[in-house]
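*Asks:* Top line first, the protein sequences correspond to chains A and B.
All residue numbers for the first sequence refer to the working numbering, where the first residue is -3 and numbers rise by one.
All residue numbers for the second sequence refer to the working numbering, where the first residue is -12 and numbers rise by one.
These are computed hints drawn from the structure, not numbers from a lab.
Glycine is no exception: its CB is placed at the ideal position from the N, C-alpha and C atoms.
No false leads were mixed into what you were given.
Residues from chain A shown here face chain B by an in silico Cβ test under 8 Å; the list is partial:
| # | residue |
| --- | --- |
| 1 | Ile106 |
| 2 | Arg110 |
| 3 | Pro179 |
| 4 | Ala182 |
| 5 | Glu185 |
| 6 | Ala186 |
| 7 | Gly187 |
| 8 | Gly189 |
| 9 | Pro200 |
Over the 10 Å line for every Cβ pair with chain B, so calculated as not near, a few chain A residues:
| # | residue |
| --- | --- |
| 10 | Ala10 |
| 11 | Gly49 |
| 12 | Ser50 |
| 13 | Glu215 |
| 14 | Lys241 |
| 15 | Arg271 |
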Amino acid sequence: MTAIRASLASRDPALLPRLVITVVALLLLWPGLELAEFDPAALFDSRGLATLGSFVGSFLPPDLSPDFLRLVAEATLQTLAMATAGVFLAAVLAFPAALVASRALSISRIGPGRGRWLGEAVRLPVRWLLVVLRSIPEIVWALLFVRAVGLGPAAGVLAIAISYAGMLGKVYFEIFESGDTRPARAILEAGGGRLTAFGYGIFPVALPELASYSVYRWECAVRASVVMGFVGAGGLGQQMDLSMKMLAGGEVATILVVFFLLVLLADLVSAVLRRAVA
Amino acid sequence: MEVELVDVTLTHPNGQRALDRLSLAIRGGERVAIIGPSGAGKTSILRLIGTAIRPTAGTLRLANADPWRLPRAALRRLRSRIGTIHQAPPLPPRQRLVTTVLAGRLGQWPLWRALASLVYPADIAGAEAALARVDLADRLFDRCDRLSGGQLQRVGVARTLYQAPDLLLADEPVSALDPQLATRVVGELNRDAQARGATLIASLHAVDLALGSFPRVIGIRAGAVAFDRPPAGITDAMLTELYASESPRPPTQDEQPLELPETGPRAARQPLCR
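So here's chain A without its partners, still in its complex pose:
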C-alpha cells in the first residue's frame, strides 16, 4: 500500500495535461493544413521547380543600373515616408484610446467606488472599436482608400494609420496594464487625475516597451506598405509589382536587398532607442 502511494507521488502531475494539450494541438493543426491545401509535393514536382528555378536564377546579377537605382531610391523614400507617417498617425489615434481603455487608470475601480459601471461602459466600446480597426487587414483598407483618394501613397498612409491604430491601441493598453501599476494607483489614491497618474506612474514604467513596440510596428509598416504597393498604393511595392510582371529578376533582387537593409535599419533604430530610454 505504501509502495503504491510512493510511486503515485513520484509521477509528474503535469503529465496528463501536457499529453492532452499536445494531442488537441495536433488534432487542430491537421485539418488546418488540409484546409489550407498544404501540399509540399507540389513544390517539388518538375514543372513547378523549373519555373521557380528559372525565376530565382534570373535574380542574379541584381540590376544596379543608375537609372533603376534612382527609381528604387525614390520608391524607398516613398515607402519610408508612407510607413512613418502611417505609424505616427496610428500612434496619435491609439494613445488616447489606450488611455481610455486601460483599467490601470480607472479611479472608480478603487474601492470600487462611484461610477464603476459607467467606467466599464466607456472602456468596453473603445476596446471593441480597436478590435474592429485591426480585424480588417490593412490591404483591404488600402483597396478602399485607393478608390477613395486615388492611386498613390496617401491611400497607403491612411490604411496603415487605421489598421495600426487598432493594433497599437490594444498593445499600448496591455503594456499599461502589464507593468507595475502600483505607482499609478498610489497617485490616484492621493487624489491625482488619470492623465497625471499616467504621466508620473505609468509612462516611466512603460516607456522602453512602448518605444520598442512602436519601432517594431514601424518595421511591420514598412513591409505592409510594400504589400500595399501591389494594389497601387505607391512605393517599393508598386515598383516590385512592375518588375515581377516584367519577370525582371535582377530588379526584384535589388528591391529585396533594399528590404533587407530597411529591416536592418529598423533593428538599429530599435536598439538605439531602447538603450536611450533604458
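Use these hints to put chain B onto chain A, whose structure you have.
*Replies:* Only chain B this time, still in chain A's reference frame:
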C-alpha cells in the same frame, strides 16, 4: 483630520476575513501607532482609512463624512488630503527623485502644472527640502533605480512629507531601515504631524519604536482591537499575548529583549515609555 471606524468588517474577495466588526475613533491631530503580528490586519486598516479599499460592512468616516457617499470630485479632493507611505514604495524605477517627490502634490496641482512639471520640475527647492528631511538631498537628480531599498523607502516618506497631507498614513514606513535611521524617520513624521496639526497613523513592526514615539498605541490581533491605550498603560503581558501566535516575545528593532537595562546605549536612545 478625524477618523472614525464603526463596526467595520472587511472580507477579501477570496473569502478571507481581514477585519471583524472593528471600531476606532481618532481625533484630529492625534498620533497613533498600530502594532500586532503579521497578518493581523494592520495594512487592511490603513488601506481602509486611505479609501483604497471599501469596507464590506460598517462605516468609515473621514473629516465627519462617509467618503464612499461623497460625489467623485469631493472624494478626489479628500484623497488629496490623505498621504500614504507604503511599505514597499510604489515608485517607478526610471523616474528621477525630484519628479517622484513632486508627485506628492499631484492631487493639489492643476493639470497644466502637473504636466509642465514633467518637462521641467516645478518646485526643485521644495523637493530638495523634503529629501533633506530624510537625508537624501544629494540624490535629488538621481534615478530611483540607483537607490537601495532603504533609501527608496525614505524617498516614499519624502514624497508624503512634500504632500503635507492632513492625514498621514504610514504602513511600516521604516521596515527597511536600520534602527538609528528608523528612529529618526519616525521622529521626523511625528514632528511634521505635530507642527501642522495633522493626524498620523503608523503601523510598526518594532514594538519599542511604537511605544517610544507615539502617545497612543493600538494592538491589533486577528482583525480586532486587542488594546488601545497610551504606552504607559501597556504591560509586558499584553504584548506577549498580542504576539503569542507569532513568537515567544514581541519583535523589537534589533531583536533585543524589550526589558531594557537601566543604563547603556539602548536605554539612552530608546526610552520604553514617555
